[in-house]
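What follows is the residue order along each chain.
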Amino acid sequence: MVKVMVYPPTSMILADLVERTGHEALVVSKEVRKKVNTPGLDSPPLNMTPDDPKKGLKYAAVDVPSGVRGRMALLGPMIEEADAAIVIRGDDCTLGCTGCARTNELTRFLLKTKRIPLIELDYPEDEFSAKQFVHKIREFLEGLN
Amino acid sequence: MKSTKYVVTSQDSDVLPSDIALKIYELGREINVKETCFGVIIDGEEEDVEATAKEIRAMDPSNIFIKDRGFPPGDPRRCRGHRGGGARPGFYMMQHESEILPLISRGLAAEARGEEVPSSIGAKKRPSLEELEVMINEEFS
Numbered sequence: 001m002v003k004v005m006v007y008p009p010t011s012m013i014l015a016d017l018v019e020r021t022g023h024e025a026l027v028v029s030k031e032v033r034k035k036v037n038t039p040g041l042d043s044p045p046l047n048m049t050p051d052d053p054k055k056g057l058k059y060a061a062v063d064v065p066s067g068v069r070g071r072m073a074l075l076g077p078m079i080e081e082a083d084a085a086i087v088i089r090g091d092d093c094t095l096g097c098t099g100c101a102r103t104n105e106l107t108r109f110l111l112k113t114k115r116i117p118l119i120e121l122d123y124p125e126d127e128f129s130a131k132q133f134v135h136k137i138r139e140f141l142e143g144l145n
Numbered sequence: 001m002k003s004t005k006y007v008v009t010s011q012d013s014d015v016l017p018s019d020i021a022l023k024i025y026e027l028g029r030e031i032n033v034k035e036t037c038f039g040v041i042i043d044g045e046e047e048d049v050e051a052t053a054k055e056i057r058a059m060d061p062s063n064i065f066i067k068d069r070g071f072p073p074g075d076p077r078r079c080r081g082h083r084g085g086g087a088r089p090g091f092y093m094m095q096h097e098s099e100i101l102p103l104i105s106r107g108l109a110a111e112a113r114g115e116e117v118p119s120s121i122g123a124k125k126r127p128s129l130e131e132l133e134v135m136i137n138e139e140f141s
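Residue numbers (my numbering), protein chains in the order written: chain D, 1 to 145; chain U, 1 to 141.
Here chain D stands alone, though its shape is the one from the complex (with noise of 0.2 Å):
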């Protein structure tokens, strides 16, 4: 089993596909739940603990806007952790109300230059491009074996 980061963090479509093959899905809910079973926090993800900049300032310098440190704090180590990544291009989907152009570029390219295997996709438009999608995802998954 290996551990593979999808990107966006939140997608529903990759973590599943992922777990239909038998790997293990790096997803922001795993860290965010993490966060909900540690007390004292009153709103994760939006609340942090002391550590959480700490962990931040590894990926970002301390100049870099400090939302961007937060959202590394949890993607960080779930980037250190992956052995693989499954990476959407076209992110419009992750800049909605809570989302970050610069984080999102940031774990792009922390992602592409760990050196692990990654594949880029697109999201289907159509049938014919839905089925290349799933087969190209089965397919790396299945070499990861």
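Worth flagging that the hints you see were computed from the coordinates, not collected in a lab.
Predicted model, so just to flag it, every value in this text is computed and none were measured.
A hint or two may mislead.
As a list, the in silico DSBU-like pairs of lysine-lysine whose alpha-carbon atoms are at most 30 Å apart [claimed, not checked]:
#1 D:Lys-30 x D:Lys-136
#2 D:Lys-54 x D:Lys-136
#3 D:Lys-136 x U:Lys-125
#4 D:Lys-34 x U:Lys-125
#5 U:Lys-2 x D:Lys-55
#6 U:Lys-125 x D:Lys-30
#7 D:Lys-3 x U:Lys-54
#8 U:Lys-125 x D:Lys-35
#9 D:Lys-3 x U:Lys-2
Using the hints, position chain U against chain D.
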């Protein structure tokens, strides 16, 4: 450790959230179930939730999608009832992905049937006049 999962059904699926809830009740495990418009949220001990997720997926393998959730169902930090309404954080991502779930379902079904996937789509040819006539006759006869 406690674990929570979303079970989301594709629009093509014949399985209703209530069918999934009934299935979970039949299994008789210590699992909390919350029915929603898109599927169900299940919450319980990690082993029970994992085993239940496998059995739910078997109900309709290509149309049921499962995802981890950080917060337990009804948690006041996320529950709209406690926060004065509005979409909960994470809704937009799920909405975006729900729109393409039928396509992914068809892709999974094709994989399950062992269909060959060509590397690129062939050029689309316009139907000739005769072919159009045959198509119209087939459709309206």
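Which of the listed hints are broken here?
2, 4, 6 and 8
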